[in-house]
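Chemist: Sequence:
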Amino acid sequence: MARSNALEAEDLEQLEQNSGSASAIRETPPGADWNPIEEAFLRRRSVRKYKTRQVPAHLIRRMLEIGRFAPSQGNSQAWKFVVVRDKKLIERMEQYCVDEFKKMSPALDYTLYPQGSLRRWFTRLKARLLNRLDHNMLHPVPMTVLTSIAEGRFAVFHKAPTVILLLVDRRGVGCPEIDIGIVGTNIVMAAQSLGLGTCWIGFSKFLNKNKEMAAQFGAEWPYEISEAITVGYPIGDPAQNHISRQTHEIAWWEDGQKEVFY
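The sequence shown begins at 911 in my numbering and counts up by one.
A few of these clues could be false.
[Stated by the list, open to error] Derived BS3-like pairs (lysine-lysine); straight-line CA-CA distance at most 25 Å:
1. Lys1069 / Lys1012
2. Lys997 / Lys1012
3. Lys1036 / Lys1069
4. Lys1013 / Lys998
5. Lys1115 / Lys998
6. Lys1036 / Lys1013
7. Lys998 / Lys1069
8. Lys1119 / Lys961
9. Lys1069 / Lys961
10. Lys1168 / Lys990
11. Lys1013 / Lys1069
12. Lys990 / Lys1121
13. Lys1121 / Lys959
14. Lys1036 / Lys1119
15. Lys1121 / Lys1069
16. Lys1012 / Lys1168
17. Lys1119 / Lys1069
18. Lys997 / Lys961
19. Lys998 / Lys1121
20. Lys1168 / Lys1121
21. Lys1013 / Lys1115
22. Lys1168 / Lys1013
23. Lys1121 / Lys1012
24. Lys959 / Lys998
25. Lys1069 / Lys990
26. Lys990 / Lys1012
27. Lys998 / Lys1119
28. Lys961 / Lys1036
29. Lys1168 / Lys998
30. Lys1013 / Lys1121
31. Lys990 / Lys1036
32. Lys959 / Lys1036
33. Lys997 / Lys1168
34. Lys1069 / Lys959
[As the list claims (entries may be wrong)] What follows is a set of in silico ranges between Cβ atoms, one per label pair, in the way DEER data are often shown:
35. Met1014 / Arg971: 32 to 38 Å
36. Pro946 / Lys990: 41 to 47 Å
37. Lys1121 / Ser1027: 36 to 42 Å
To be clear, the hints were calculated from the coordinates, so they are not data collected in a lab. Fair warning: this is a prediction, and the values are worked out from it, not measured in the lab. Backbone N, C-alpha and C define an ideal beta-carbon position, used for all residues, glycine too.
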């Protein structure tokens, strides 16, 4: 077995040295233009407005195949895909989330109440306390969006013709949620390469609370809905939408020395 692996490694090295091979290593000089893969990442945007035209099924299958080849901790591949293209079912998913958010919004969004009112003060205090209990799921940032959904001013699934549910297997190695992020990125970038638009939908987790719907999607132990990705043909050119990206400090260690870059 070891001899076989060594031969395979030698074969791969020979393949890379072959300048006529598609997998040959290419040197990229400083200041070079972005290559097509890099440019695809830079041009990707979250798309929230889709044409009604359905995405051909074979394109969705291509995206899922790219997702299937994503790396995972221990190669556990702790995921399962569910493709929803039934318009009435997507509408049911949407309505369930809207109904849930109508219950939650008055209790969590303090901006609904007048400045200086006791109700506003109490709701804000409650939201802060809940945020300490679950900082991620009860983060204050999406609370105003939650209210917009409850009031019908914003759609959870953006009226997309296709929704891909990413189910996580809780038995996965390490942190399977990270693997979901990786596999989802593969799917999103495959869609980008095919001229399709996508958007991550974190609110899809609320579908786990609907036992009937969760069972329909196979989201029963050890699986649960982790994220969803909407897919469709975008209206307009998403790359024209300006997005802000923070510049973070980067600590660079090399030859025993630390440098800081931005």
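Chemist: All hints, please: hold or fail.
Modeler: Cross-check of the supplied hints:
1. Restraint check: the Cα-Cα separation between Lys1069 and Lys1012 comes to about 19 Å, which is no more than 25 Å; the hinted pair holds.
2. Distance restraint check for Lys997 and Lys1012: the Cα-Cα separation of roughly 23 Å lies within the 25 Å cut-off, and the hinted pair is therefore satisfied.
3. A hinted pair counts as satisfied when its Cα atoms are at most 25 Å apart, and Lys1036 with Lys1069 does not qualify at roughly 33 Å.
4. For the hint linking Lys1013 to Lys998, the alpha-carbon distance of about 23 Å falls within 25 Å, and the restraint holds.
5. With a C-alpha separation of about 19 Å, the suggested pairing of Lys1115 with Lys998 holds against the 25 Å cut-off.
6. Taking the CA atoms of Lys1036 and Lys1013, the gap is near 15 Å; set against the 25 Å cutoff, the hint holds.
7. With a CA separation close to 11 Å, the supplied pair Lys998 and Lys1069 stays within the 25 Å bound.
8. Taken as a hint, the Lys1119 and Lys961 pair is broken in the structure, with Cα atoms around 30 Å apart against an allowance of 25 Å.
9. Restraint check for Lys1069 and Lys961: satisfied, since their Cα atoms lie roughly 9 Å apart, inside the 25 Å limit.
10. Restraint check for Lys1168 and Lys990: not satisfied, since their Cα atoms lie roughly 42 Å apart, outside the 25 Å limit.
11. For the hint linking Lys1013 to Lys1069, the alpha-carbon distance of about 22 Å falls within 25 Å, and the restraint holds.
12. The straight-line distance between the Cα atoms of Lys990 and Lys1121 is roughly 18 Å, inside the 25 Å bound, and the hint therefore holds.
13. Among the hinted pairs, Lys1121 with Lys959 is inconsistent with the structure: their alpha-carbon atoms are about 30 Å apart, more than 25 Å.
14. Our distance criterion of 25 Å between C-alpha atoms is met by Lys1036 and Lys1119, whose separation comes to about 22 Å.
15. Distance hint between Lys1121 and Lys1069 is fulfilled; the C-alpha atoms sit about 23 Å from each other, no more than 25 Å.
16. A hinted pair counts as satisfied when its Cα atoms are at most 25 Å apart, and Lys1012 with Lys1168 does not qualify at roughly 51 Å.
17. Between Lys1119 and Lys1069, the direct Cα distance comes to roughly 22 Å. Compliance with the 25 Å bound is thereby established for this hinted pair.
18. The suggested pairing of Lys997 with Lys961 holds, with an alpha-carbon distance near 14 Å, which does not exceed 25 Å.
19. Distance hint between Lys998 and Lys1121 is fulfilled; the C-alpha atoms sit about 18 Å from each other, no more than 25 Å.
20. Straight-line distance between C-alpha atoms of Lys1168 and Lys1121 comes to about 52 Å, which puts the hinted pair past the 25 Å bound.
21. At roughly 16 Å between alpha-carbon atoms, Lys1013 and Lys1115 fall within 25 Å of each other, so this suggested pair holds.
22. The straight-line distance between the Cα atoms of Lys1168 and Lys1013 is roughly 51 Å, outside the 25 Å bound, and the hint therefore fails.
23. The hinted pair formed by Lys1121 and Lys1012 meets the criterion: a straight-line CA distance of about 19 Å does not exceed 25 Å.
24. Restraint check: the Cα-Cα separation between Lys959 and Lys998 comes to about 19 Å, which is no more than 25 Å; the hinted pair holds.
25. Simply put, Lys1069 and Lys990 have alpha-carbon atoms about 23 Å apart, close enough for the 25 Å limit, and the pair holds.
26. For the given pair, Lys990 sits about 30 Å from Lys1012 by alpha-carbon distance, which is inconsistent with the 25 Å threshold.
27. Between Lys998 and Lys1119 the alpha-carbon distance is near 19 Å, which keeps this suggested pair within the 25 Å criterion.
28. With a CA separation close to 40 Å, the supplied pair Lys961 and Lys1036 exceeds the 25 Å bound.
29. Among the hinted pairs, Lys1168 with Lys998 is inconsistent with the structure: their alpha-carbon atoms are about 57 Å apart, more than 25 Å.
30. Restraint check: the Cα-Cα separation between Lys1013 and Lys1121 comes to about 18 Å, which is no more than 25 Å; the hinted pair holds.
31. With a C-alpha separation of about 36 Å, the suggested pairing of Lys990 with Lys1036 is violated against the 25 Å cut-off.
32. Under the criterion of a C-alpha separation no larger than 25 Å, the hint pairing Lys959 with Lys1036 is inconsistent with the structure, at around 34 Å.
33. Our distance criterion of 25 Å between C-alpha atoms is broken by Lys997 and Lys1168, whose separation comes to about 55 Å.
34. With a CA separation close to 8 Å, the supplied pair Lys1069 and Lys959 stays within the 25 Å bound.
35. A hinted range of 32 to 38 Å for the beta carbons of Met1014 and Arg971 is consistent with their spacing of about 36 Å.
36. For Pro946 paired with Lys990, a C-beta distance near 31 Å fails the hint of 41 to 47 Å.
37. Between Lys1121 and Ser1027 the beta carbon distance is about 37 Å. The supplied range of 36 to 42 Å therefore holds.
In this structure, the hints that do not hold are numbers 3, 8, 10, 13, 16, 20, 22, 26, 28, 29, 31, 32, 33 and 36, in rising order.
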